[in-house]
Amino acid sequence: MRQVNVNVHYVTRLEGHGNIILNAQDGKINELKWEVIESPRLFEAMLVGRNYEDVPHIASRICGICSIAHTTASIQAVEAAFGVQLSEQTLLLRKLLYDAELLESHVLHTLFLAAPDFLGVDSVMPLVETHKDVVIMALRLKKLAYNLAEILAGRKTHPLSCVVGGFAKLPDLGELKAVKKRLEDARADFDTIVNLFKTLKIPDFVRETEYIALKDPSEYAFISGQIASSDAGLTPLGDYLKITNEFCVPQSTAKYTKNKRDAYMVGALSRFNLNHDQLLPQAKKAAAELGLKAPNHNPYMITVAQVVEAVHALENTISTINEILAKGLKEEKNPIKVKAGRGVGAVEAPRGILFHDYTFNDKGLLTKANCIIPTNQNHNNIQKDMEALVPGILNQSEDEIRLRLEMLVRAYDPCVSCSTHMLRTSFKR
Amino acid sequence: MKPKVAFFDFTGCEGCQLDALNLSPEDFFDLVGVIDFVNFREVMTEKSDDYDIAFIEGSITRESEIPRIQKIRQQAKVLVAMGACACDGGVNCLKNHIPMDEALRIVYGKDAKYYDTMPARPVRAVVPVDYYVRGCPPVTAEFLKVVKALLVGKKPEIPNYPVCVECKMADNICAFERSTTCLGPVTRAGCGAICVTSGRHCFGCRGLVDDPNIDSEKEILQKYGLTVEQVLEKFKIYNTCSEVAK
Amino acid sequence: MAKNVETTAKPAPDVAEAKKLFTITRAGFKSMVDGLAKEMDIVGVKEKQGKFVYGKISSFDELRLDYDVTTMPPTRFLMPARETLLKFSTGNDPRFEPVVDTRPMAIIGVHPYDISAIAMLDKVFTSVNPDPNYIARRKNTILIAVDTLSPSSKSFANAMGTRIVEKGFDLLLTDIGTSYVVTIGSKKGADLLAKYAAPKEAAGNDIAMQKEVRDEALSKYTISLDIPKESLLKLLEENYDNPYWESRSKTCLSCGSCVMVCPTCFCFDVQDDVALNLKEGERFRRWDGCILADFARVATGENFRHDKASRFRHRIFRKGKYIFEKYGMAGCVGCGRCANACLAEIASPLEAFNAIAESARAKEAAARIMKEVRAQAELYVPQPAKLVKITTLGAKEKAFEFKLKSGKPLRHRPGQFVEISVPGIGEAPISVSSSPTRGDTFQLAIRNVGNITNAIHDLKEGAAVGIRGPFGNGFPLEAIAGKDLLFLCAGIGLFPLRSLIQYVLDKRDAYSRVIILSAARTPADMMFTNEQAEWSKRSDVEFLNTVDKADANWKGNVGVITTLIPKVKIDPRKTVAVVVGPPIMYRFAIVELKKRDIPDENIVMSLERRMKCGVGKCGHCQINGVYVCQEGPVFNLAQLRSLREAV
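Chains as they are written, first to last, in the working numbering: chain A, 1 to 429; chain B, 1 to 246; chain C, 1 to 647.
Think of the hints as simulated: they come from the structure by calculation, not from any bench. A couple of the hints might just be wrong.
To be verified - Listed below are the simulated SDA-like cross-link pairs for lysine to any residue, each with C-alpha atoms no more than 20 Å apart in a straight line:
1) B/Lys2 x B/Glu46
2) C/Lys363 x C/Glu601
3) A/Lys330 x B/Arg178
4) A/Lys330 x C/Arg447
5) B/Lys2 x C/Ala275
6) A/Lys258 x A/Glu246
7) A/Lys33 x A/Asp399
8) A/Lys169 x A/Pro335
9) C/Lys48 x B/Ser198
10) C/Lys612 x C/Arg447
11) C/Lys48 x A/Leu173
12) B/Lys47 x A/Lys169
13) B/Lys4 x A/Met125
Model the full assembly from the supplied sequences, consistent with the hints where possible.
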């Protein structure tokens, strides 16, 4: 008679609040839940009636880690609704700003949130004693990415200078030049990270699912392109609802999404599977060294895919800055003409595809909003992963099972407080 | 004995806590050299309920959060509200203007009945707060200022003058002269006027100074082209829970 | 014999010869700036987002020395916004090490008023308790000044005596078009000039050109002090309790903009910042200002200047009195930055000085009037008058022409009023609508609104009434002589204003332009239409009229009276606006007139209040401390700023 009870209240090293519940008896699973309990923030209601200039400012506050992702998606939705044209300079600067957040977020997740599990510790704090150089490097890289975002947008969390139509203030070329040198020096740091991850044992687990991400013919997509699926072709952004198909599960009250299968995955692994041949050469090299080959169906490898993407983002920042320094920057005016309309903005947040869908009236006030967050779209897949994983590990100790489940959830790098559709469950024991 | 410090998050975006850790390696090691992080769910699994100083991020928006914050207040010798949501309610309060069931209906449609929420409020509406680190997000330097002040045993010198002072110190061109309007004249400084310096205007995220001349600010905003409604909308974003947005 | 060959390098001009002026070309100036840039940090005036700022200059072409005023003064480089004073270590044996910045720098493009400000700061920081930080910076800073060519519209440097300076700089350049006239202020300046700029001695016509350029700039100042600068001290001292401080500061945000942008402000706060390791730190100073709410607050919570009015007053007293008394130099240099920066538009010391001066004059004038009112044997007894003619003006309005039974003329001034009695009904105050230049009779235009006016409307020609007066101050005939006159008559505001218009037209040569803007609710409400038609036909009168609501026949302007104001060319330096109309009209009219920069003292209004005795006794007509029947009903806007109840 073996009882397995895993009850993790508020998983740690996670952005947001979530619980893992497992009750099994004699190899039979009675209850297995990935349960998300976040207070409803009600952003879609709060945005109604607001002026288009204030909308991205408020939408940014959906999340503190991926505020640049939300701001960018929000701005793009407004621009789509009003038909705003963007200059080449604006697109370059936006890409650079986006790479800054991607770098920071992936460094935070892989080194601060995920790595401790692989190194057998509870957090980065013990690593201060045992792996001091790694901690210094992680902090330095995080600060570097922060500084790059500051140069472009005033600050990284809830960025300022990026606005509908362009940039309210242009970065200083001298500062860009100086930060580029630090980025080039960071290449060595990423060699260290790749080498570190080569030594870590990634749990072996495979469950193929549908993979969804943005796809852009010209580059590895983060803020442009159409919706791509491993199971189907391309879908224009305006038809995103056909992909997401949000629905409620009767006993659990978290909203799920699914498309062609019973669930789908978004995030670094999806992006890698769909767009790996568009990675820059240095990132491809890192992927090869880390044993990451497309298509990969192991969710624990999401973290590895993030390392590969971080290398790609780093190289991208350097080449983008070179392009900006060569072309110079000039003040541009882009007056916005408001009109009634609807627009969808989609970006690849560090943890997956993010949609902001806005409708405006002819005074430029928002009448309707819908936001679908990446983590939202992963919940169903996490649940299905757990259901596939647990039977195979039930014979292990409770502690080991607990750790494997926590690592599984952490691997997705969830951003739970973003989840404007999340709610509290009241489940019965 | 290093003071034991804990971070807790309620309803918010968790950006404040992360920005607190936006430190250079030198500063990080200096910081852990003078305080002990004993509870920080976002980055640590180890945790302890024996802490001296609690930093609270996020506002209180649900019944279940009230006993949780009360327990923290009982334990902590010093409780610091961190970020606009904890200090003054933050953007979460925007939903307070909408009748609760209408808001739930807009977001969740027919499933609205599963959800519970209540008007968002700052931490001080539920338990006494000792210090504030304001802003959305707060400036890391001010977070460190409060930490250092707690460590040496003094009240941190947080400004009681408006953002205009810092704008002039930064030699910014006034937002009102750049065809936009600004809440700087009544908003508490301490952020270095970063939003104006970055090309925007002040949104009021640090809350009002102690004795703001709101009538004068409202008159000025109208003089620069805003209707009365638009003026109130401006204050609503971060200052709903104060009298001015009424 | 070898000819004496002149060496190309001239010796540096002797400072003793500093009175001599030199000229340099643009190229010479450029080579000086480029040369300086190689030796040290240089900042100069450049353009930013449509305004002018001091900033790092990397090339000569960035300089914009034709600027009117910078947002922040150059004093920010001598007293930075934040400056470390000392470093310390904590613990049982704390140490303190002073920190002084001695980096050399050059500031290019400093206007004379800022040079004056720096001279004042020099006095403050070097005379008593010399400040090592300021002194080190000042010693290592080269000041290259330039004459102001286009002053800011809010500048009153000419009034404060800071328009022209003869010392306090290293070099002063006057742009005379093709070259610069250079005044040398120091040996450093002389050396600099010789090293880089190839100076030539200024010729006679260069010097004449310098004077011309300066005079041209002088003509561009639009505002000035109404009193001699020297009388400011006494004036402020005597007006410490003037209600102006309270009324004017009502909209003050205590935002600090005025003190932050001011070149003569130097107050600062000092704070300690300990390092994270708690072992060391720095003590720094940063700008502070007396206008800020907590400036005078102590640790117990007591605030010695806790209200806006006292802080507002203190700042003006610093600028106009205290600094001069302490250091012997102007505390306000008239740069106009605070007036530009203040969102509530209350910061200008000039406006404060002039308003206080005006209220002092008004008090004096009131005292005079009190003594001058013609005493009647029996103060409250009316004298008999006969109604000689009635003219219908409108549905409820008639003009009544009276002659005093004594046969003597009323001897009134335009703008004065009489008290007209119908025995048994009562007595009412009515403005005189005709000019004293129009014979022995006088006209009262009256609208039927109450008991007495109703009774008057029932009178027939030949009837008898009682008349007391004339009362009140009337329009300021002396102040408007020779000026452009802009009359705004709205509705029955024409009734009192007509007396002045007739007077002015009867003495047309004593005045410059005469502009009449006339308005009524509808064409049927236009009063004295025939006379207005005559005014419009006169070639020496500019006449515009408008109605709020037109009828089928109206072919003219439609809109309120304020819509006419933008249609008129106005020279704010010599225009007096006289405005009479319904109370609601004054607010809007004032806004429009202020937009045209007409000074407060040149906006004249006639105010209505409840009046009874007409002789400053019964109390009903008071506005704050002033009796309208005695010191009014005509006021100018500067006076009204001190009367909180007025507008």
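task: Just pull the numbers of the violated hints for me, sorted ascending.
output: 4 and 12
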